[in-house]
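There are 2 protein chains.
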Amino acid sequence: MAHIHLKNELPGISGLLFDFPETAKPLCDLAETLLRKPHSLTSGERELIAAYVSHKNNCNFCHSSHAAAATAHLKDDYELIDAVLADINTAPVSDKMKALLIIAGQVQQSGLAVKEEDVLKAKNAGATDAELHITVLIAAAFCMYNRYVDGLSTWSPKGREPYKEMGKRMAEVGYLRTGQ
Amino acid sequence: MAHIHLKNELPGISGLLFDFPETAKPLCDLAETLLRKPHSLTSGERELIAAYVSHKNNCNFCHSSHAAAATAHLKDDYELIDAVLADINTAPVSDKMKALLIIAGQVQQSGLAVKEEDVLKAKNAGATDAELHITVLIAAAFCMYNRYVDGLSTWSPKGREPYKEMGKRMAEVGYLRTGQ
Numbered sequence: 017m018a019h020i021h022l023k024n025e026l027p028g029i030s031g032l033l034f035d036f037p038e039t040a041k042p043l044c045d046l047a048e049t050l051l052r053k054p055h056s057l058t059s060g061e062r063e064l065i066a067a068y069v070s071h072k073n074n075c076n077f078c079h080s081s082h083a084a085a086a087t088a089h090l091k092d093d094y095e096l097i098d099a100v101l102a103d104i105n106t107a108p109v110s111d112k113m114k115a116l117l118i119i120a121g122q123v124q125q126s127g128l129a130v131k132e133e134d135v136l137k138a139k140n141a142g143a144t145d146a147e148l149h150i151t152v153l154i155a156a157a158f159c160m161y162n163r164y165v166d167g168l169s170t171w172s173p174k175g176r177e178p179y180k181e182m183g184k185r186m187a188e189v190g191y192l193r194t195g196q
Numbered sequence: 017m018a019h020i021h022l023k024n025e026l027p028g029i030s031g032l033l034f035d036f037p038e039t040a041k042p043l044c045d046l047a048e049t050l051l052r053k054p055h056s057l058t059s060g061e062r063e064l065i066a067a068y069v070s071h072k073n074n075c076n077f078c079h080s081s082h083a084a085a086a087t088a089h090l091k092d093d094y095e096l097i098d099a100v101l102a103d104i105n106t107a108p109v110s111d112k113m114k115a116l117l118i119i120a121g122q123v124q125q126s127g128l129a130v131k132e133e134d135v136l137k138a139k140n141a142g143a144t145d146a147e148l149h150i151t152v153l154i155a156a157a158f159c160m161y162n163r164y165v166d167g168l169s170t171w172s173p174k175g176r177e178p179y180k181e182m183g184k185r186m187a188e189v190g191y192l193r194t195g196q
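These protein sequences, in sequence, are chains A and B. Taking this note's numbering, I'd label the letters of the first sequence as residues 17 to 196. Taking this note's numbering, I'd label the letters of the second sequence as residues 17 to 196.
Do not take every clue at face value.
[Said to hold, decoys possible] Output of the computed footprint for chain A on chain B, the stretches with three or more beta carbons under 8 Å from beta carbons of chain A: (1) 47 to 54; (2) 70 to 80; (3) 121 to 127; (4) 130 to 139; (5) 159 to 173.
[Said to hold, decoys possible] Under the rule of at most 35 Å between Cα atoms (straight-line distance), these lysine-lysine pairs were calculated in the DSBU-like manner: (6) A:K41 x B:K72; (7) A:K41 x B:K114; (8) A:K131 x A:K112; (9) B:K91 x B:K114; (10) B:K72 x A:K53; (11) B:K23 x A:K137; (12) B:K23 x B:K53; (13) A:K114 x B:K41; (14) A:K180 x B:K131; (15) A:K53 x B:K114; (16) B:K72 x A:K72; (17) A:K53 x A:K180; (18) A:K139 x B:K174; (19) B:K184 x A:K180; (20) A:K72 x B:K23; (21) A:K114 x A:K180; (22) B:K41 x A:K139; (23) B:K41 x A:K184; (24) A:K23 x B:K137; (25) A:K131 x B:K23; (26) A:K91 x A:K184.
It should be emphasised that the hints constitute simulated quantities derived from the structure, not laboratory data. Heads up, the beta-carbon is just placed ideally off N, CA and C, and yes, glycines get one too.
With the sequences and hints as input, model every part of the structure.
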């Protein structure tokens with residue numbers, strides 16, 4: 017049961033966004049900007065970062081929904097996210113994405129944990145400043161969304177199946193609230 | 017030196033907001049909504065939560081600027097923030113604020129670290145669901161802002177003096193960007 021009374025039965029962040037529309041607007045705008053606006057990192061790559069950080073924060077709802085969104089963008093069957101979670105170094109992603117995922121993992125621990133040498137590795141692998149910027153900000157933002165969802169103890173479905181349609185909608189329709 | 021090249025010399029988050037206006041908009045809208053829109057928790061109380069969480073994340077820029085904003089709202093001379101940082105239990109704040117600050121500190125660790133018994137203590141001390149909601153979301157949001165600022169290794173002035181004018185402006189003018 018959530019720590020506060022919600023007037024709806026929606027899972028995870030959805031129930032909070034529904035009941036608190038004033039804070040929902042900037043939270044949804046931010047997710048849309050970070051994950052869906054045009055960028056040299058694809059939406060699939062950005063959702064992968066979001067899902068990876070949410071996994072490190074043990075946030076079931078955010079991890080499951082953004083893994084489903086990444087999968088919808090990448091048109092795979094969770095192979096990539098599974099490989100990243102198993103071992104970034106052997107996952108079938110570019111050296112640039114490996115380096116960016118390692119930085120995202122450092123941000124999950126603390127902003128101060130990001131190592132200069134790993135930023136250099138990312139740059140040497142071709143990461144631009146804009147790509148480093150959005151990687152750090154996505155990782156930071158999911159440290160917020162994850163804490164919001166779990167800090168208020170919202171419920172979330174278990175397993176991957178319940179998130180497949182949701183992930184498809186996140187990938188195709190996006191995060192802006194109806195009426196925005 | 018910041019991990020990425022910035023086209024300005026503004027400190028902390030200011031330099032990032034200036035160079036990346038697309039992400040700046042929802043980030044500023046969120047800060048304005050969390051810290052300055054009318055709420056039963058005063059802006060001074062909300063800035064205190066922001067400063068406290070930023071201190072726990074060792075984020076010098078965010079802590080110093082939001083401590084200055086809290087001080088500007090509260091019209092004190094850092095007495096309250098200093099007392100909170102020394103020991104929440106003996107700080108001259110209400111039992112409700114003590115309980116909310118303890119929850120904010122738990123959110124700083126992880127959303128999953130928030131304890132049911134501490135939520136109950138806050139409710140018994142008079143905290144409403146809206147107050148619990150905004151406390152958790154402010155604490156979560158500063159886990160993002162702090163990681164954004166330090167994850168990109170922005171510079172920040174040391175000491176309290178350089179932040180006093182900034183804090184006054186944050187309290188009186190707010191967070192929305194010029195032209196919004």
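Here is what the structure says about each hint:
For the segment 47 to 54 of chain B, the proposed coverage by chain A is satisfied: 3 residues have a C-beta within less than 8 Å of a C-beta in that chain, meeting the threshold of three. Check result for the segment 70 to 80 of chain B against chain A: holds, 3 residues qualifying (beta carbon to beta carbon below 8 Å, three or more required). Residues of the segment 121 to 127 of chain B lying with their CB closer than 8 Å to a CB of chain A number 4, which satisfies the three-residue condition for coverage. Only residues whose beta carbon comes within less than 8 Å of a beta carbon in chain A count, and the segment 130 to 139 of chain B has 3; three or more means the coverage holds.
Coverage of a stretch by a chain is defined here by at least three residues with a beta carbon nearer than 8 Å to that chain's beta carbons; for the segment 159 to 173 of chain B and chain A the count is 11, and the condition holds. Of the pairs offered as hints, the one joining A:K41 and B:K72 holds, with about 27 Å between alpha carbons and a cut-off of 35 Å not exceeded. Of the pairs offered as hints, the one joining A:K41 and B:K114 holds, with about 29 Å between alpha carbons and a cut-off of 35 Å not exceeded. Between A:K131 and A:K112 the CA atoms are separated by roughly 16 Å; this keeps the pair inside 35 Å, and the hint holds.
The straight-line distance between the Cα atoms of B:K91 and B:K114 is roughly 20 Å, inside the 35 Å bound, and the hint therefore holds. Pair hint B:K72 plus A:K53 holds up; C-alpha atoms about 33 Å apart against a cutoff of 35 Å. At roughly 22 Å between alpha-carbon atoms, B:K23 and A:K137 fall within 35 Å of each other, so this suggested pair holds. The suggested pairing of B:K23 with B:K53 holds, with an alpha-carbon distance near 31 Å, which does not exceed 35 Å.
Between A:K114 and B:K41, the direct Cα distance comes to roughly 29 Å. Compliance with the 35 Å bound is thereby established for this hinted pair. Under the criterion of a C-alpha separation no larger than 35 Å, the hint pairing A:K180 with B:K131 is consistent with the structure, at around 31 Å. Proximity of A:K53 to B:K114 is assessed by CA-CA distance (about 41 Å); at most 35 Å being required, the pair is judged violated. Restraint check for B:K72 and A:K72: the C-alpha separation of about 20 Å stays at or below 35 Å, so the hint holds.
Restraint check for A:K53 and A:K180: satisfied, since their Cα atoms lie roughly 22 Å apart, inside the 35 Å limit. For the hint pairing A:K139 with B:K174, the CA-to-CA distance comes to about 29 Å; that is within 35 Å, so the pair holds. With a C-alpha separation of about 47 Å, the suggested pair B:K184 and A:K180 falls outside the 35 Å cut-off, and the hint is violated. For the hint linking A:K72 to B:K23, the alpha-carbon distance of about 33 Å falls within 35 Å, and the restraint holds.
Between A:K114 and A:K180, the direct Cα distance comes to roughly 25 Å. Compliance with the 35 Å bound is thereby established for this hinted pair. Among the hinted pairs, B:K41 with A:K139 is consistent with the structure: their alpha-carbon atoms are about 27 Å apart, no more than 35 Å. Among the hinted pairs, B:K41 with A:K184 is consistent with the structure: their alpha-carbon atoms are about 26 Å apart, no more than 35 Å. At most 35 Å may separate the alpha-carbon atoms for a hinted pair to count; A:K23 and B:K137 meet this at roughly 22 Å.
Proximity of A:K131 to B:K23 is assessed by CA-CA distance (about 22 Å); at most 35 Å being required, the pair is judged to hold. A distance of roughly 10 Å separates the Cα atoms of A:K91 and A:K184; the hinted pair therefore holds under the 35 Å criterion.
In summary, the numbered hints that this structure violates are 15 and 19.
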